[in-house]
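Just so you know, the sequences run in chain order A and B. If you read the first sequence in the numbering used here, its first letter stands for residue 1, the second for the next number, and so on. If you read the second sequence in the numbering used here, its first letter stands for residue 1, the second for the next number, and so on.
The set of hints was computed from the structure by calculation and includes no laboratory data. A portion of the hints provided could be inaccurate.
Stated by the list, open to error - With a straight-line Cα cutoff of 20 Å, these simulated SDA-like cross-link-like pairs (lysine to any residue) come out:
(1) A:K24 to B:P178
(2) A:K27 to A:A58
(3) A:K129 to B:D177
(4) B:K339 to A:P31
(5) A:K69 to B:F335
(6) A:K27 to B:A311
(7) A:K129 to B:A245
(8) A:K65 to A:S77
(9) A:K65 to B:R366
(10) A:K129 to B:R247
(11) A:K69 to B:G334
(12) A:K69 to B:D336
(13) A:K27 to B:G248
(14) A:K65 to B:H176
(15) A:K24 to B:F77
(16) A:K24 to B:G334
(17) B:K339 to A:A62
(18) A:K27 to B:F77
(19) B:K65 to B:P398
(20) A:K27 to B:R366
(21) A:K69 to B:K339
(22) A:K27 to A:E131
(23) A:K129 to A:Q23
(24) A:K129 to B:H176
(25) A:K65 to B:F75
(26) A:K129 to B:G248
(27) B:K65 to B:F77
(28) A:K65 to B:G334
(29) A:K129 to B:D336
(30) A:K69 to A:R88
(31) B:K339 to A:D30
(32) A:K27 to B:K65
(33) A:K65 to B:P113
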Amino acid sequence: MRRHLAFFLCAALATCRQQSPEQKLLKEIDPAASWMATLQFAGEQWLANSVPTRFVRATVHAAQKDLKKTARTVDQSQAAQSLRDTVRRQIDVATAAAAAVDRAVQDNDRRTVAMSVQRFAAAHEVLRKLEESR
Amino acid sequence: MKKALQLALGILTAIGGFFDVGNIATCSQAGAAFRFQLIWSLLLATIVVIFLVEMSGRFAAVTQKALPDTIREHFGFTFWLVPFLILTVIHLLVLGAEIGGICFALHLVTGLPLQVWALPVAVLVWLFLWRATFKTIENSTSLLGLITLAFVVAAAMHHPPTHEVLAGALPTMPSHDPENYWFIAVSIIGAVIAPYLFYFYSSGAVEDQWDVSYVPVNRAVAVMGMGFGSLVSIGAIVVAGMVLAPRGIRVTDYHQAALMLTQAFPFWGYVLFAVSMGIACLGAAIEVALSMSYSFAQTFGWNWGEDLEPAEDARFCLVYTVSILLGSLFMLFGFDPLKLTILTMAINAAVLPVVAIPMLLLMNDRTLLREHANGVISNVVTVGIVLLTLVLAVVSIPLMIVGGS
């Protein structure tokens, strides 16, 4: 039993080590992609008056922390430059849109929120397609 | 007539009391990441919890004694010391996670940071325990907890594909993130089979002065209460699978889970989530703190009873007071409530044998339980699933660390 467990763990470790830098990066951007989708949904629900402004702001702040962390990961990644650039661009778009939403919900600026929702959707779509190609 | 009323109330309280922070966290993660594919782990856990809750209630009804009390008397203090210490740590972690859940619910309602709420929530939980009787605690928080049925209603409103939901009842291999899949499966089991539940339930049965005539009531409460209670958790998996998964939202933060009900109930969904989370976690926090006091008092042979005046069982009250204070420190020092919950639930599953083995040994003692001792089916099912959970936990926790998701 112990031997089986040890084998299983070693196999798992080996699998992790065998990942290419590109695969590793695409796995590591998973939380950022999820936050983009979350911000899109939160924005849509705010526009539908289903969630309060304070919730959207708190969600934006939580997302910004993770987006910043992912941006650092991308910068330190050994993956191909073109992949890093594509990912980094989407994260920058989402970070800027998040900051815009944070201000817009306070000012009740529905137009900016609606535009930001579309930017989140587009950035998420790019990352989703990249992840699918993994 | 009195028994029928108690049975109805018992089932309602079991349904209301089933759902807590662990279920909210693990079920929303499961549904968001794997849609309905992990329903099987919830069903597996429900079967075990039905058996274990039934056993702990039957034990209390037949012997008029709670579990820790008898384990210490029967096997000696040294035998009980290690499980007792492990369970004390687990109790504190669960209490911290439940307090985190209440703080998050209040954060949703007020927008104030979680740290601000840590001490007020601790005072609220403590006041409840200091002032209320066992009956008040048992009935009020659990009956209010029926608000969590909103997840079942929301699940029905989303019209999930029946065949996919039913297919989730059978274990299948994941198409992606296997380490995350098994880790969530283990966490769901740990969330449902929380060790505090058995000590709370058996001590509560002693507080309620159950006798052998309550054995059938206990069985019905365990089967129907836990069975219907698991429906709420299935509801949460289904809602997350219908709302979060198609959008590509993974639950790595409670803010993401808070959006779950907003589609089924525009505007009210947000409020319902906050209230469900707050009440479910408040009820569970009170139960965990009480369970901690029961466990200490019974281990060291002190006076105990929620219905006694604090002056009559000062050490019992001191334990829940200190526990609540320690439990609130996690939020006060800025721990992430979701990460704390998920980690705690996985550890819960890993230490399941520590709870289940002494209980099973006692349940097979015919000198204590006479004709009410365990049968073959109870033993086989419980031992089988506990061992399976242990293997899954031993494998998946290192995998999760290695996988780093």
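Evaluation of the provided hints:
1. Our distance criterion of 20 Å between C-alpha atoms is met by A:K24 and B:P178, whose separation comes to about 15 Å.
2. Taking the CA atoms of A:K27 and A:A58, the gap is about 25 Å. The hint is violated against a cut of 20 Å.
3. The straight-line distance between the Cα atoms of A:K129 and B:D177 is roughly 17 Å, inside the 20 Å bound, and the hint therefore holds.
4. With a C-alpha separation of about 14 Å, the suggested pairing of B:K339 with A:P31 holds against the 20 Å cut-off.
5. In summary, the hint linking A:K69 to B:F335 is supported, as the alpha carbons are separated by about 18 Å, within the 20 Å threshold.
6. For the given pair, A:K27 sits about 57 Å from B:A311 by alpha-carbon distance, which is inconsistent with the 20 Å threshold.
7. Straight-line distance between C-alpha atoms of A:K129 and B:A245 comes to about 16 Å, which keeps the hinted pair within the 20 Å bound.
8. At roughly 19 Å between alpha-carbon atoms, A:K65 and A:S77 fall within 20 Å of each other, so this suggested pair holds.
9. Between A:K65 and B:R366, the direct Cα distance comes to roughly 58 Å. Violation of the 20 Å bound is thereby established for this hinted pair.
10. For the suggested pair A:K129 and B:R247, the alpha carbons sit about 13 Å apart, so the restraint of at most 20 Å is met.
11. A threshold of 20 Å between alpha carbons decides the hint, and for A:K69 with B:G334 the separation of about 18 Å falls inside it, so the pair holds.
12. Distance restraint check for A:K69 and B:D336: the Cα-Cα separation of roughly 16 Å lies within the 20 Å cut-off, and the hinted pair is therefore satisfied.
13. In summary, the hint linking A:K27 to B:G248 is supported, as the alpha carbons are separated by about 14 Å, within the 20 Å threshold.
14. Proximity of A:K65 to B:H176 is assessed by CA-CA distance (about 26 Å); at most 20 Å being required, the pair is judged violated.
15. At most 20 Å may separate the alpha-carbon atoms for a hinted pair to count; A:K24 and B:F77 exceed this at roughly 50 Å.
16. A hinted pair counts as satisfied when its Cα atoms are at most 20 Å apart, and A:K24 with B:G334 does not qualify at roughly 29 Å.
17. With a CA separation close to 14 Å, the supplied pair B:K339 and A:A62 stays within the 20 Å bound.
18. With a C-alpha separation of about 49 Å, the suggested pairing of A:K27 with B:F77 is violated against the 20 Å cut-off.
19. Distance hint between B:K65 and B:P398 is unfulfilled; the C-alpha atoms sit about 39 Å from each other, more than 20 Å.
20. Proposed proximity of A:K27 and B:R366 is contradicted: the alpha carbons are some 55 Å apart, above 20 Å.
21. A C-alpha spacing of about 17 Å is found between A:K69 and B:K339, which places the hinted pair at or below 20 Å, so the restraint holds.
22. The suggested pairing of A:K27 with A:E131 holds, with an alpha-carbon distance near 8 Å, which does not exceed 20 Å.
23. This hinted pair checks out: A:K129 and A:Q23 have alpha carbons roughly 13 Å apart, not beyond 20 Å.
24. At roughly 15 Å between alpha-carbon atoms, A:K129 and B:H176 fall within 20 Å of each other, so this suggested pair holds.
25. The straight-line distance between the Cα atoms of A:K65 and B:F75 is roughly 51 Å, outside the 20 Å bound, and the hint therefore fails.
26. Using a Cα cut-off of 20 Å, the hinted pair A:K129 and B:G248 holds, with the two alpha carbons roughly 12 Å apart.
27. Distance hint between B:K65 and B:F77 is fulfilled; the C-alpha atoms sit about 17 Å from each other, no more than 20 Å.
28. Distance restraint check for A:K65 and B:G334: the Cα-Cα separation of roughly 15 Å lies within the 20 Å cut-off, and the hinted pair is therefore satisfied.
29. Using a Cα cut-off of 20 Å, the hinted pair A:K129 and B:D336 is violated, with the two alpha carbons roughly 30 Å apart.
30. Simply put, A:K69 and A:R88 have alpha-carbon atoms about 12 Å apart, close enough for the 20 Å limit, and the pair holds.
31. Between B:K339 and A:D30 the alpha-carbon distance is near 17 Å, which keeps this suggested pair within the 20 Å criterion.
32. A hinted pair counts as satisfied when its Cα atoms are at most 20 Å apart, and A:K27 with B:K65 does not qualify at roughly 52 Å.
33. Taking the CA atoms of A:K65 and B:P113, the gap is about 15 Å. The hint holds against a cut of 20 Å.
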